[in-house]
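Just so you know, the sequences run in chain order A and B.
Quick note on my numbering: the first sequence kicks off at 1 and runs consecutively.
Quick note on my numbering: the second sequence kicks off at 102 and runs consecutively.
Keep in mind that the hints were calculated from the coordinates and are not lab data.
As the structure is a computational prediction, the values presented were derived from the model and not from experiment.
A few of these clues could be false.
DEER-style ranges, computed between Cβ atoms [to be verified]:
id : chain 1 : residue 1 : chain 2 : residue 2 : range
1  : A       : Val74     : B       : Glu501    : 47 to 55 Å
2  : A       : Ala17     : B       : Ser156    : 35 to 43 Å
3  : A       : Ser75     : B       : Leu168    : 20 to 28 Å
4  : A       : Leu10     : B       : His453    : 50 to 58 Å
5  : A       : His28     : B       : Phe565    : 49 to 57 Å
6  : B       : Phe122    : A       : His28     : 27 to 35 Å
7  : B       : Ser204    : A       : Arg31     : 30 to 38 Å
From the structure, some residues in chain B lie toward chain A, with a derived Cβ separation under 10 Å [as the list claims (entries may be wrong)]:
id : residue
8  : Ile245
9  : Ala258
10 : Leu272
11 : Gly286
12 : Phe391
Computed from the model, here is a short list of chain A residues facing chain B with C-beta under 8 Å [claimed, not checked]:
id : residue
13 : His28
14 : Pro29
15 : Arg32
16 : Met54
17 : Val74
18 : Ser75
19 : Ala78
20 : Leu81
21 : Leu83
22 : Ser87
Every residue gets a Cβ at the ideal spot worked out from N, C-alpha and C, and that includes glycine.
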Amino acid sequence: MSSIPDPFGLAAAALLAVGFYGFVTHRHPLRRLLAINIFGNGVFMTLILVARWMPGGPDPIPHAMVLTGIVIAVSATAFGLALVRRSMTQEDGDRREPDDD
Amino acid sequence: MTEHLPVLAVFLPLLGGVLQFLLGSRGLPVWPLAVAALTVGCVLLLVGAVGSNGSIEHAIGGWDPPLGIRLRADGLAAVMLLLTAVVGAAVSVYALGPHGKASPQATHFWALWLLLWGSLNALFLSADLFNIYVTLELVTLSAIPLVLLAGPGKTVAAALRYLQFALFGSLLYLLGVAITYGLAGSLDLALVGPALADGGLAAGLAAGCLIGGVLVKAAIVPCHVWLPPAHGNAPAAVSAVLSALVVKAAVYLLLRFWTEPLAGLSGTLVAQLLGALGAAAIFYGSIQAFRQERLKLVVAYSTVAQLGYMLLFFPLAVSQAWDGAVYHGLAHGVAKASLFLATGNVIAYVGHDRLRELRGLDRPLALSVFAFGLASVSIMGLPPSGGFVAKWLLLSAAVETGQWWWAVVLIIGGLLAAAYIIRVLRYAFLQAPGPAVDVQGPVPSAVMAWPATLLGLLAILMGFTAAPTLALLGGLPGATS
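With the hints as constraints, model all of the structure from the sequences given.
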């Protein structure tokens with residue numbers, strides 16, 4: 001934690017800001033999902049940063065938290081994408097797919 | 102045996118749900134019902150043990166924190182587990198009606214419902230911040246597919262919006278967890294308190310992220326926009342679970358954080374702000390409920406309003422407010438589940454839930470409308486119901502701490518609730534006689550009518566069971582009296 005801004009920290013803050021801005025301003029579901037993912041990456045970067053700041057060198061616990069977080073983010077995003085696709089095929093019109101999932 | 106009960110309460114429904122997926126429609130409905138019955142039995146034993154011996158802790162697999170995961174059942178967790186078991190049992194019986202026969206939809210319902218039940222139990226038993234994040238995500242990812250079971254046509258947009266808000270809320274929460282870990286070097290709810298208390302600006306930021314993330318999940322105004330479409334379009338059994346338990350779990354976390362890890366931080370200003378959000382939720386939700394044209398949306402907006410009462414704990418913050426806020430959560434959970442199940446029966450019979458066209462409901466739907474009326478008594482906060490006891494406790498707390506404005510909020514909130522409930526009952530009973538519908542749907546069978554009625558009766562009975570429940574809850578954590 002020096003007086004010079006940590007580029008890693010700045011990157012994390014930028015990702016958080018961009019993600020939040022995207023979530024608030026965009027209406028399109030795909031863009032919103034992307035914004036959530038960018039925000040999530042900012043959170044994961046923050047966790048990595050926290051791990052580095054911990055006394056006694058890199059702390060493995062935040063790393064484990066990032067791994068768990070990534071797994072959750074991937075599955076939630078996949079579910080979100082499936083929903084986006086379903087809503088788009090509905091908007092496109094009469095192409096009704098059977099409920100197969 | 103006793104110390105393994107928390108593990109069983111989590112893993113029985115989780116494994117039962119996963120196996121239901123693998124079994125497909127085989128074993129329906131015997132398997133999920135057996136799992137549900139075992140889960141209820143397990144939770145009852147656990148609650149009994151907490152009631153007689155106090156908190157129970159269990160480190161899973163014998164691994165101690167920080168490496169392992171610690172489950173903890175204290176008074177607050179016990180009453181929430183009890184609520185989940187009661188509502189869960191009723192919903193499981195009710196679901197035999199719409200989802201009793203073997204079909205892909207029924208398989209999905211039972212598997213997801215058991216997963217949701219297990220995730221909720223895990224959330225209430227979690228004792229560290231990160232584990233709570235994981236269980237929050239489990240709850241979300243099993244709750245949203247349940248909404249979709251109503252059919253793809255009307256629920257995809259609602260589910261998508263629900264997912265976006267839920268994901269954003271939990272990431273915000275995770276950011277708070279990250280900062281907290283950086284400050285305290287621990288995630289244990291009981292250990293991070295001191296480090297947060299003298300953490301300065303960073304601790305404030307952490308608390309803001311934790312509270313903000315949970316507020317989004319709890320659908321507190323202004324983050325409520327996802328709730329009415331999701332709860333209003335889901336199948337009846339699912340709406341009951343979502344309104345009675347899932348959003349309640351988020352408010353539970355607020356109470357938990359405020360009294361444990363954030364106890365050293367909780368400033369008066371933030372407390373008043375949270376109370377103001379609660380008041381805004383009560384007014385906005387009630388007024389919106391009054392303006393809805395569909396019965397189910399009335400009930401959904403009523404949830405937005407009723408959750409606000411639990412936030413009134415924060416500015417009041419005395420033992421009576423603690424008792425009142427938690428008891429309100431329990432009473433609302435039981436009453437709201439009853440309302441949604443009864444509404445489901447009305448929709449099954451009439452084929453729609455447009456308020457202005459509801460009439461002649463009294464005869465064929467007598468039991469369901471009776472349930473609706475009983476639960477409404479608790480929602481309005483009339484004696485002798487559970488809702489009355491909770492509001493009375495909150496009112497006493499407002500008077501005790503000399504903050505009369507919260508008493509005004511409570512009284513106006515009760516009147517608004519009476520307005521939107523009586524509007525529904527007026528349409529149901531007092532409209533011009535005539536055939537309700539041209540083509541009547543099936544009259545709800547006993548398994549669909551009685552769970553709603555029993556929950557409605559319980560909502561009234563809770564006016565008399567406050568003392569043992571609050572004894573189980575235990576006093577406000579950290580309070581001297």
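Going down the list of hints, with the structure as the test:
Remark: the range hint 47 to 55 Å for Val74 of chain A to Glu501 of chain B is upheld by a beta-carbon distance near 50 Å. As the Cβ distance of Ala17 of chain A to Ser156 of chain B is approximately 42 Å, the hint placing it in 35 to 43 Å holds. Taking 20 to 28 Å as the suggested C-beta distance range, the pair Ser75 of chain A and Leu168 of chain B conforms, at roughly 24 Å. For the pair Leu10 of chain A and His453 of chain B, the beta carbons lie near 55 Å from each other, so the given range of 50 to 58 Å is met.
In this structure the supplied range 49 to 57 Å holds for His28 of chain A paired with Phe565 of chain B, their Cβ-Cβ distance being about 53 Å. Taken as a hint, the range 27 to 35 Å holds for the pair Phe122 of chain B and His28 of chain A, whose Cβ atoms sit roughly 32 Å apart. For Ser204 of chain B and Arg31 of chain A, the hinted distance range of 30 to 38 Å is satisfied, since their beta carbons lie about 36 Å from each other. The restraint placing Ile245 of chain B at the interface with chain A holds, with a minimum CB-CB distance near 7 Å, inside the 10 Å limit.
Of the supplied interface hints, the one on Ala258 of chain B holds, with its beta-carbon coming within about 6 Å of a beta-carbon of chain A, less than 10 Å. Below 10 Å, beta-carbon pairs count as interface contacts, and Leu272 of chain B has one with chain A at about 5 Å; its hint therefore holds. Using the Cβ-Cβ criterion of 10 Å, the hint placing Gly286 of chain B at the interface with chain A is satisfied: the shortest such distance is roughly 7 Å. For Phe391 of chain B, the suggested interface contact is broken, since its CB lies about 28 Å from the closest CB of chain A, more than 10 Å.
Here the hint on His28 of chain A is broken, as its CB sits about 11 Å from the closest CB of chain B, past 8 Å. Nearest Cβ of chain B to the Cβ of Pro29 of chain A: about 5 Å, under the 8 Å cut. The hint holds. Because the closest C-beta pair between Arg32 of chain A and chain B is about 5 Å apart, less than 8 Å, the hint holds. With a cut of 8 Å, the hint placing Met54 of chain A at the interface with chain B holds, because the nearest CB-to-CB distance is about 7 Å.
For Val74 of chain A, the interface hint is violated, the least distance from its beta-carbon to any beta-carbon of chain B being 12 Å, above 8 Å. At about 7 Å, the closest approach between the beta carbon of Ser75 of chain A and any beta carbon in chain B falls short of 8 Å, and the interface hint on this residue holds. Look at Ala78 of chain A: its Cβ only gets to about 10 Å from chain B, farther than 8 Å, so that hint breaks. The interface hint given for Leu81 of chain A is violated, since its Cβ lies 10 Å from the closest Cβ of chain B, which is over the 8 Å cut-off.
Annotation: interface hint on Leu83 of chain A holds; nearest CB of chain B at approximately 5 Å, less than 8 Å. With 8 Å as the threshold, the beta carbon of Ser87 of chain A comes within range of chain B, its nearest partner Cβ sitting at about 5 Å, so the hint holds.
The structure is inconsistent with the numbered hints 12, 13, 17, 19, 20, although it conforms to all the rest.
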